[in-house]
Amino acid sequence: MKFEDMSIQDILKGYREKNFSAREVTQSYIEKISKYDSDVNAFISINEDGAIRAADRIDNKIAKGEDIGLLGGIPVALKDNISTRGLKTTCASKILENYIPPYDATIVKKLNDSGAIIIGKTNMDEFAMGSSTENSAYKKTRNPWNLECVPGGSSGGSAAAVAAGFAPLAIGSDTGGSIRQPASFCGIVGLKPTYGLVSRFGLIAFASSLDQMGPLTKNVKDCALSLQAIQGEDKMDSTSYKGTITENYVENIDEGISGLKIGVPKEFFQNGINNEIYESVYNSIRLLEKLGATVEEFSFPATESGLSAYYIISSAEASSNLARYDGIRYGHRTDEYESIEDLIVKTRTEGFGQEVKRRIMLGTYVLSSGYYDAYYKKAMELKNKINLTFKDALSKYDILLSPTSPILPFPIGEKTANPLEMYLSDIYTVNINIAGLPAISIPCGFSSSRLPIGLHLIGNHFQEKKLLQAAFSLEQELGLDSRIPKF
Amino acid sequence: MKINIEDVKYIAKLAKLQFDEKEAAVLAMEFEDILKHFDNLQNENCDGEPVESAKADTFLRSDRVSVYENKKELFQNARAMRDGYLEIPKVIE
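Protein chains in written order, with the numbering used here: chain A, 1 to 487; chain B, 1 to 93.
Source of the hints: derived by calculation from the structure; they are not laboratory data. No residue lacks a Cβ here, since even glycine has one placed at the ideal position from N, Cα and C. Careful: at least some of the hints might be erroneous.
[Claimed, not checked] One-sided excerpt, in silico: chain A residues whose CB lies under 8 Å from chain B:
#  : residue
1  : 61
2  : 62
3  : 64
4  : 65
5  : 68
6  : 329
7  : 334
8  : 338
9  : 348
10 : 364
11 : 385
[Claimed, not checked] Label pairs and their in silico Cβ distance ranges:
#  : chain 1 : residue 1 : chain 2 : residue 2 : range
12 : A       : 372       : B       : 89        : 26 to 36 Å
13 : B       : 33        : A       : 369       : 21 to 31 Å
14 : B       : 14        : A       : 336       : 49 to 59 Å
15 : A       : 476       : B       : 6         : 56 to 66 Å
16 : B       : 51        : A       : 290       : 43 to 53 Å
17 : A       : 271       : B       : 50        : 39 to 49 Å
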């Protein structure tokens, strides 16, 4: 088997049996990236020297018989909004074009401590605002399943990197679906953990009350293992969860789902859903029933208004979070200016892309005097109502199920002229961030045009274990071809 | 019309951004569409729903000053330094 087709578990087994070295694995991925990333554009920067050095350290440990860690010798691609000490971190924005963080994000520390090898930083929609990775200031990432299509977004570079066989693991961030939707578009597994389970320290903020980081992998077991490595309390993030958490997600992952109660929000299967997605998800529902689960419909009436609440809250938070980019301490600074006000306005106008400016404007508008009550306050009230709806549903069901996206990966350029249409593609994922729940997208089939389709499972707060067990059972039963696409 | 070019310019001023006439017209049009979609919020009866503020289970670390040893690394993104301070453009004549 080629390294690029191997799962994390396969690579770890190879190390245990001394079939190959971490240097061989890392070099093979770097070679693949240098040969083929010009087709996919998954990466903004490659950490070649650092990765080889880290691989040698792992090989030394293996030679000495030392523990290499949970993800020892596993190359990982990081979304470019995750702070990496000494490695350029741009958020795919001109405003941070040459920004080098002086510290590591907690998730980076944890990955390093568990032996993972940072292989590069991946492309994304600028400041994670978008659903297609077309909003990057640097390049447009292409979907490895069809290079004419988008990989989804905003973690499109991370998803494409795993799908293309450039890395067995990538980390993304998910504010309204930005891990799950690209995972779905690229035919891989993507998990958004419960809000607070993974520290956000060092994740460059978009919407702080919604942002969460999580793994993108080839299969569910790899996802479970990766979550173990990155989770946990952190005193550097005041919203980090300090209660007891599950330590081991891999153990008993194959327990089966007999007796599992699954709820299906019927509004998620109505207006605007692609027919092939509908069929594919229903096929999985029948499989889950065959495996012993009971599946029932329930009503989630706030589906569309939840999307409005999401765009109001996230834009409001973004307008505040992005106020820090003023060209004074770091980042882009305009060349010519007449006053301090002029310097700030010109710097921001030059440094931010169109979509980021649109969100800052939207956020400023909904927070401005006269509109606050109609938009922001109303959205926050609805947030509470959405929380209660999910609470009620998750008291009746163990897991909720829906498609990840109502649409298939679309051709590059198709939706860039209409921001609202792009926003509508997030309709099944945003409500989960509003409620802070964990959710996973796994591949559940292909369209007739051979584009991946994703299925979305949602669990209760900190019930990732149950979520991963259900996802694993379905994945095994579906038995989809997990080989990487030819592009 | 919910929003016109003048509104866009006023919000831009608050957001410290600048748009020319053409860009402002496009933004006004896009906002019109987006805000129309946001109107579906008004169909939701949220009377009596509390607005969540900071969660009770968040925690703060103690506010203690500590010295950051690697100043060079910390300020590596600054344009210029003078006597241990960030040098910024002259803003007062």
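To see whether the hints hold, each was checked on the structure:
1. 61: violated, 27 Å
2. 62: violated, 31 Å
3. 64: At about 30 Å, which exceeds the 8 Å cut-off, the nearest Cβ of chain B leaves the hint on residue 64/A violated.
4. 65: violated, 34 Å
5. 68: Given a least distance of 28 Å, the restraint on residue 68/A is violated.
6. 329: holds, 6 Å
7. 334: violated, 10 Å
8. 338: At about 10 Å, which exceeds the 8 Å cut-off, the nearest Cβ of chain B leaves the hint on residue 338/A violated.
9. 348: holds, 6 Å
10. 364: Holds. Min distance 4 Å.
11. 385: holds, 6 Å
12. 372/A / 89/B: 26 to 36 Å: About 34 Å separates the Cβ atoms of residue 372/A and residue 89/B, which means 26 to 36 Å holds.
13. 33/B / 369/A: 21 to 31 Å: Holds, at about 23 Å.
14. 14/B / 336/A: 49 to 59 Å: violated, 23 Å
15. 476/A / 6/B: 56 to 66 Å: Holds: the Cβ-Cβ distance is about 60 Å, inside 56 to 66 Å.
16. 51/B / 290/A: 43 to 53 Å: Check passed, 44 Å falls within 43 to 53 Å.
17. 271/A / 50/B: 39 to 49 Å: Between residue 271/A and residue 50/B, where Cβ atoms are some 31 Å apart, the hint is violated.
Checked against the numbered hints given earlier, this structure breaks hints 1, 2, 3, 4, 5, 7, 8, 14 and 17; the rest are met.
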